[in-house]
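A.B. asks: All chains should be built: construct the whole structure from the sequences, respecting the hints.
Protein chains in written order, with full-length UniProt numbering: chain R, 1 to 211; chain P, 1 to 211.
Everything hinted at is true.
Straight-line distance between alpha carbons at most 20 angstroms, and here's what the computed SDA-like set of lysine to any residue pairs gives:
hint, chain 1, residue 1, chain 2, residue 2
1, R, LYS121, P, ARG133
2, R, LYS77, P, GLU88
3, P, LYS135, R, PRO123
4, P, LYS121, R, PRO128
5, P, LYS77, R, GLY83
6, P, LYS4, R, ARG90
7, P, LYS135, R, THR109
8, R, LYS135, R, PRO181
9, R, LYS135, P, PHE112
10, R, LYS197, R, PRO170
11, P, LYS135, R, ARG41
12, P, LYS135, R, GLY42
13, R, LYS4, P, ARG90
14, P, LYS77, P, GLU88
15, P, LYS4, R, ALA87
16, R, LYS77, P, SER85
17, P, LYS135, R, GLY108
18, R, LYS135, P, ARG41
19, R, LYS197, R, TYR168
20, P, LYS135, R, GLY52
21, P, LYS77, P, GLY25
22, R, LYS121, P, PRO128
23, P, LYS121, R, PRO123
24, P, LYS135, R, PRO50
25, R, LYS121, P, ALA136
26, P, LYS4, R, GLU91
27, P, LYS77, R, ARG89
28, R, LYS4, P, ALA87
29, P, LYS4, P, SER76
The following residues of chain P were derived to be distant from chain R, with all beta-carbon distances above 12 angstroms:
hint, residue
30, PHE36
31, ALA44
32, GLY82
33, PHE116
34, PRO181
The hints are simulated quantities; they were obtained by calculation from the structure and are not laboratory data. Quick reminder that beta carbons are idealized off the backbone N, C-alpha and C, glycines included.
There are 2 protein chains.
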Amino acid sequence: MGMKLYCFGESGNAYKCALSLTLTGTEWEPVFVDFFGGETRGPAFRAINPMGEVPVLVEGDTTLTQSGVILDYISSKTGQLGGRSAAERREVLRWLFWDNHKLSTQVGTCRFLSNFLPAEKRPEGVIPFLQGRLKAAYGVLEAHLEGRDWIVGDGPTIADLSCCSYLYYPEPFGFSRADWPRIDRWLAGIAALPGWKHPYDMMPGNPSDRA
Amino acid sequence: MGMKLYCFGESGNAYKCALSLTLTGTEWEPVFVDFFGGETRGPAFRAINPMGEVPVLVEGDTTLTQSGVILDYISSKTGQLGGRSAAERREVLRWLFWDNHKLSTQVGTCRFLSNFLPAEKRPEGVIPFLQGRLKAAYGVLEAHLEGRDWIVGDGPTIADLSCCSYLYYPEPFGFSRADWPRIDRWLAGIAALPGWKHPYDMMPGNPSDRA
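C.D. replies: Here's what the structure looks like:
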């Protein structure tokens, strides 16, 4: 029995998990969640995840939420994409937390406000504020990637797959790969891994469905 | 040799670690970081933590950053405040990620903007936006605490200590314990644990130093 991932194409947090499942060769199938139709706010979805968030990974009796937990589970279960020592595993976890704390949470919000909310509902001042904080986060990642192909150790880990996810999306939110050459090189390295696909080619649902 | 925690009183993220060290009976000493004097932006601190963030835990040759990693390390090392099964440990990790993703990152920012930034530098519209998102997060926690004394299992874990931290501070940022009775009860339960202290009594530095 394979794993089921509740997801939708626009969710970078779901993409982290879809990409990790695919790159580890794990059998999985997507379950489309109609986020833009309000499904995550409804009682049926809240029964699956009271936090009301995508992604959710279900395998038999195990239901997991929060992308960091799901990534850790996939890595532990497959013995792939984790660190190779206790110190490397802590370093992987550090970047997962950093991503949740400083990068993805704000990229996700900024991208949503910039692209998926009607202009008249867009809260004044929030996008530039988030972009300012994100610039600092991109700077931390750019500096870390000096002389490195991967965030931790000498191969890809779930730290890379967590941090990269939102940065492949085409909708503009103030991030340009051209401004961050090491991030650009690193993203190209991840995209060159066998099995990599763009989020809209890996999960159901994308903005053209609502056009 | 005890552990050193780079911290300052106003940092809820540092408080999570200081509280976990104290409640596990771990020997530790605080190293004051002059955040408000710009120390975390300077090269000496960046050499300790290139992410430029407090807290940092140092024990011998091991330097750890990101509160979630530090909490996991303290819990693993002492055999306390973690889950009692693989499922409970994943549930603890889930709430650590949720806290980093949805609660502390936004409480910290909202509190900083509301209290520690001169009014003329306060970005328009950001505080109400963050307060709206935080209301949803408080609601998730309030609902989860129905019929529970602790976030995971039947005793305190690092999940409680991560999520509670910013909610003890006196400076106003839009959170009132009276509005969330289960959160209020849960915070009282944590504060009743032997050894608990308020952040300003546990770490050096507080707003009155700058008055």
